[in-house]
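Asks: Here is what each chain is made of, one letter per residue.
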Amino acid sequence: MKKLLFCGGFFLSMSLLLAQNVQIIKKKELLELLKPNENQVYVYNFWASWCAPCVKELPIFKQTAEKFGNQVKVVLISLDFAEELEKAKKILQKKEINFSSYLLDETKYNTWIDDVEPRWQGAIPMTIVQKGKKRIFINEELTWEQLEKHISSLLK
Amino acid sequence: MNKFFVSVLLFVLAVIFVSNKPAGDGYKPGDKARDFSLKNIDGKMVSLATLPEATKGAIVIFTCNHCPFSKMYEDRIIALDAKYKPKGYPVVAINPNDPARVPDDSFEKMIERAKEKGFTFPYLIDETQEIAKTYGATNTPHVFVLEKQGKDFIVRYIGAIDDNAKDASQVKERYVEQAVDNLLAGKKVSKAQVKAIGCTIKWKQS
Numbered sequence: 386m387k388k389l390l391f392c393g394g395f396f397l398s399m400s401l402l403l404a405q406n407v408q409i410i411k412k413k414e415l416l417e418l419l420k421p422n423e424n425q426v427y428v429y430n431f432w433a434s435w436c437a438p439c440v441k442e443l444p445i446f447k448q449t450a451e452k453f454g455n456q457v458k459v460v461l462i463s464l465d466f467a468e469e470l471e472k473a474k475k476i477l478q479k480k481e482i483n484f485s486s487y488l489l490d491e492t493k494y495n496t497w498i499d500d501v502e503p504r505w506q507g508a509i510p511m512t513i514v515q516k517g518k519k520r521i522f523i524n525e526e527l528t529w530e531q532l533e534k535h536i537s538s539l540l541k
Numbered sequence: 015m016n017k018f019f020v021s022v023l024l025f026v027l028a029v030i031f032v033s034n035k036p037a038g039d040g041y042k043p044g045d046k047a048r049d050f051s052l053k054n055i056d057g058k059m060v061s062l063a064t065l066p067e068a069t070k071g072a073i074v075i076f077t078c079n080h081c082p083f084s085k086m087y088e089d090r091i092i093a094l095d096a097k098y099k100p101k102g103y104p105v106v107a108i109n110p111n112d113p114a115r116v117p118d119d120s121f122e123k124m125i126e127r128a129k130e131k132g133f134t135f136p137y138l139i140d141e142t143q144e145i146a147k148t149y150g151a152t153n154t155p156h157v158f159v160l161e162k163q164g165k166d167f168i169v170r171y172i173g174a175i176d177d178n179a180k181d182a183s184q185v186k187e188r189y190v191e192q193a194v195d196n197l198l199a200g201k202k203v204s205k206a207q208v209k210a211i212g213c214t215i216k217w218k219q220s
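Chains as they are written, first to last, in this note's numbering: chain A, 386 to 541; chain B, 15 to 220.
Certain hints may be false.
Said to hold, decoys possible - Just so you have them, the derived chain A footprint on chain B, three or more residues with Cβ under 8 Å:
1. 57-63
2. 130-142
3. 148-157
4. 212-219
Unchecked claim - Cross-link-like lysine-lysine pairs, in silico, DSSO-like; alpha carbons within 30 Å at most:
5. LYS180/B - LYS441/A
6. LYS186/B - LYS411/A
7. LYS85/B - LYS479/A
8. LYS412/A - LYS85/B
9. LYS534/A - LYS516/A
Unchecked claim - Derived, one-sided and incomplete: chain A residues facing chain B with beta-carbon distance under 10 Å:
10. LYS411
11. PHE431
12. ALA437
13. PRO438
14. ASN495
15. ILE509
16. GLU525
17. GLU526
What the hints contain is simulated information worked out from the structure, not anything from laboratory work.
C-beta atoms are modelled at their ideal positions from N, C-alpha and C, and glycine is treated no differently.
Start from the sequences and build out the full structure, keeping to the hints where you can.
Replies: In structure tokens form, the structure reads like this:
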């Protein structure tokens with residue numbers, strides 16, 4: 386009986402661990418996430434479930450987490466509408482992505498796009514690779530080779 | 015001699031300044047917009063200069079078939095044309111996407127989509143992507159409101175159509191309408207640039 390309970394508990398906690406945790410955030414939390422850190426390389430990706438090239442490139446961020454481990458922090462920010470959170474979750478689940486992931490619930494776009502990146506007009510996919518004050522801004526779909534090159538240039 | 019050096023220096027500075035302006039930087043409000051000659055869905059070439067309704071200006075919208083944010087705005091783009099074409103500001107829609115990357119944005123599919131939705135305005139294909147690049151369009155949808163001054167078209171507004179992509183009934187600020195209304199009233203455009211989420215333009219991959 387104890388064993389059974391243990392097994393059940395184990396599977397329950399495993400499934401909770403694997404379940405998609407997408408945190409809904411506002412502008413304030415987003416800007417907090419984007420704060421530069423001199424000792425850490427960050428990869429921020431802005432995507433949405435309705436954006437085909439975004440969904441297509443998601444696996445390269447999983448690959449980043451796998452290859453670089455603690456050297457690089459990957460932060461995914463979905464721009465799906467908050468009521469479509471489940472759509473975003475499903476895609477992440479399908480792509481087996483289970484690291485820090487957010488959904489920005491701010492649809493007055495003009496009030497925060499410039500605060501994220503003045504060069505950005507708001508089109509997605511958009512990726513930022515950042516270490517301290519060094520920032521690489523990429524406003525198109527990336528290949529793994531391109532992303533890896535950008536990350537390596539900041540890891541040096 | 016001194017004068018000579020000063021003028022050489024000025025010349026060099028001017029050259030540096032001009033060549034430092036990054037290519038493809040795009041237009042800012044106040045810039046003169048170049049005209050174009052692009053193929054419409056009816057097979058005819060359309061340019062601003064020969065568009066009969068563009069008596070006061072034009073609402074140039076880079077948009078496409080496939081992008082969900084473009085689709086959300088289709089009806090609102092038709093409404094803009096209905097409201098402002100009679101006032102001298104017709105809509106001119108331009109699809110800048112490379113159909114090799116997005117088959118849904120091919121010329122044939124543009125014809126289909128325009129028929130389905132009953133577009134009342136030209137829907138042009140920017141095959142070389144030169145116009146989108148010159149204008150500095152990066153998104154779909156991406157609006158450029160142009161005011162006609164003599165033979166020139168001057169950029170007066172760049173950006174989003176309004177402040178609520180998801181729900182037209184919840185819109186509080188209609189940026190394009192405000193801009194054109196300002197121009198029609200002979201006023202300065204109050205908000206000349208407004209950003210919004212959209213799809214990236216699918217550039218040709220060489």
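Asks: If a hint holds in the structure, say so; if it doesn't, say that too.
Replies: Outcome of the hint check:
no.	hint	in the structure
1	57-63	violated (count 0)
2	130-142	violated (count 0)
3	148-157	holds (count 4)
4	212-219	holds (count 6)
5	LYS180/B - LYS441/A	holds (23 Å)
6	LYS186/B - LYS411/A	holds (20 Å)
7	LYS85/B - LYS479/A	holds (26 Å)
8	LYS412/A - LYS85/B	holds (26 Å)
9	LYS534/A - LYS516/A	holds (14 Å)
10	LYS411	violated (16 Å)
11	PHE431	holds (9 Å)
12	ALA437	holds (8 Å)
13	PRO438	holds (7 Å)
14	ASN495	holds (5 Å)
15	ILE509	holds (7 Å)
16	GLU525	holds (6 Å)
17	GLU526	holds (7 Å)
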